[in-house]
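Generate the whole structure from the sequences, applying the supplied hints.
So you can see what is in the structure, the chains are spelled out below.
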Amino acid sequence: MTAISDLAKLTPRDLFNNVGDWVLQYVLKPIGQILLFVVIAGSSISLLALVVGFVLQTDWHGIDILRVPARINLFEQVVRQLPNMFLDGITIGFVYAVIALGYTMVYGVLKFINFAHSEIFMMGAVIGYEVMVRLRDGQLLTTLPPLLVIVLMIAAAMVICGGVAVIVERVAYKPLRGAPRLVPLISAIGVSFFLTDFVRGFQALNRNIFNMPYLTDQIPFLTQRIVLAEGLSTTNTTFIIILSAVIMLVGLNYFVNATKIGKGIRAVSQDQATASLMGINVNLMITITFMVGGALGGAAGVLYGLKTTNVTPYIGFIPGLKAFTAAVLGGIGNITGAMLGGLLLGMLEAFFSALLPYFPALGLGYSDIFAFAVLILVLLFRPTGLLGKKVDEKV
Amino acid sequence: MTLLKLENVHTYYGHIHALKGISLEVNQGEVVTLIGANGAGKSTTLRTISGLARPRIGKIVFEDMLLNNLPPHKITRLGVGHVPEGRRIFPELTVRENLEMGGFSVPRHQMQERMEYVLTLFPRIKERLNQLGGTLSGGEQQMLAMARGLLLNPRILLLDEPSMGLAPVLVDQIFEIIQQLHAQGTTILLVEQNARMALQVADRGYVLQSGQIVLADDAKTLQNSEVVRKAYLGEE
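If you're matching them up, the sequences are chains U and D in order. Residues in the first sequence are numbered consecutively from 1, following the UniProt record's numbering. Residues in the second sequence are numbered consecutively from 1, following the UniProt record's numbering.
These aren't lab readings, by the way, just hints derived from the structure by calculation. Any given hint could turn out to be false.
[Unchecked claim] Derived Cβ-Cβ restraints for the label pairs, each shown as a range:
| id | chain 1 | residue 1 | chain 2 | residue 2 | range |
| --- | --- | --- | --- | --- | --- |
| 1 | U | Ala204 | D | Asn130 | 51 to 61 Å |
| 2 | U | Ala179 | D | His109 | 53 to 63 Å |
| 3 | D | Asn38 | U | Ala179 | 22 to 32 Å |
| 4 | U | Phe372 | D | Pro168 | 53 to 63 Å |
Just so you know, even glycine gets a beta-carbon here, dropped at the ideal spot from N, CA and C.
Here is the structure:
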């Protein structure tokens, strides 16, 4: 990093080169990496989809539950649905990736799974709802530019969820530092129940509601269909989700790799005692990690709310578990891995959501078991995850 | 002038009484060595000074500050540089980032100058700046650890077993650098198993035995003392 005083001395050409290097290093490279992951996840799942479609199209191998109604050609259906599946998969995949970062960052620093993270995510979704309702009450929801509305929702969720995550760490985890590893884990589960019921109770008293449907239908910009190709249409919401997630991933990459605090966090995650000998305030770095993870979780909550539009105090659990699975799939503790894991899992889910309705004996309700089957398979065959390097021997 | 003073320091690891009343002094500009067998409490003494372990009884005074209850990062920021045993390089950070961590509390405008200074002391590190710390050889890691410790321009440098596990040529290099630092006026508290080398570069020395100081004298005198020669220099 160049100090401001040095920048003044640079010739325009140097400046261009420096800025060019910077853009290459912290914008183009991570975006390229994300694109690569999208391609990897997309092509591997497409391949899987085509193989499954082909294998099961006519012959159901004598297994009743794999029987497809006779008039449907499964292969054709899969091919037809592939583009939609892909778009759906990366949308939800990016949401999982952003949540997974919260799990993986905290794990990296404290070697501890913050199971309350799923409820921080849920709170983000609820805060997004609150912002929308308040804007509507102030007659601002339809008059403000739609993008500004979304920025406001995300910003509010990030600030509040970041704060809540820090408070949770102070109250429920910090006093247990140094206790056996199961103890903070149980504390995290307790916090998670507390937050769920706190939000439920709060919204019951505050508005006497349980369901918090997003008011996206009042913003035509978000609901109007955009036809991308024949048979493939979507809404601006999809692009907003993808774009916000990419901005957050690139921002996090910059924060972790280029800033002093980000490097301090990495140092703490590798060796706390030595980091403290360098003059790094370990507790502060842990607090910042929780704040950043919580802010990302909150933002992901808003994105999830925009996508599903139905928010309740109980939506945190399943997406939280899936994001945790994504973090394990990519290699827990590994930030790049969390992104890859999230995208892969999102794709996989989109694929099974598209495929299962063709099997009347199974139905859509089974789509979640595949995500958790992945968790079990990864833990059995590659416990370090796809991008994980070594198993921590000191456990 | 006394820079660092330990008075009757007792440190426990759980129920293990690791330091049993250590008192020692390090003066400005001196190289002082602590020698002793495995488990004598040499490393514990350094860890207690830098805040990684807490004294239960006793006082640790650095200049006029009482260090007993300060967290390690604050002790470091007062100017106590600790190069830990086993080097403890951050394996997943590049060499440059490792050095930046060493200068975490150094103001940005001084960073460049400090960086240049330590890289002239350890030219081999300079060739490896963009490599990951974990890919360096043992000797290079030791040099990086020392460079990292020196970045914050410490008032006192605590060196814990800098020669451990290194080939003889590298041991000589490390000790040359210690002498060089001494000549430049750096205050050093050196913990070593290689008592012969340590006593050659030190001004004074303390001999530790099961958590207690059994001998304290000039390095020259210690080199010739009967006890040290038999117990630590392996001479008959």
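Evaluation of the provided hints:
no., hint, result
1, Ala204(U) <-> Asn130(D): 51 to 61 Å, "57 Å, holds"
2, Ala179(U) <-> His109(D): 53 to 63 Å, "42 Å, violated"
3, Asn38(D) <-> Ala179(U): 22 to 32 Å, "31 Å, holds"
4, Phe372(U) <-> Pro168(D): 53 to 63 Å, "57 Å, holds"
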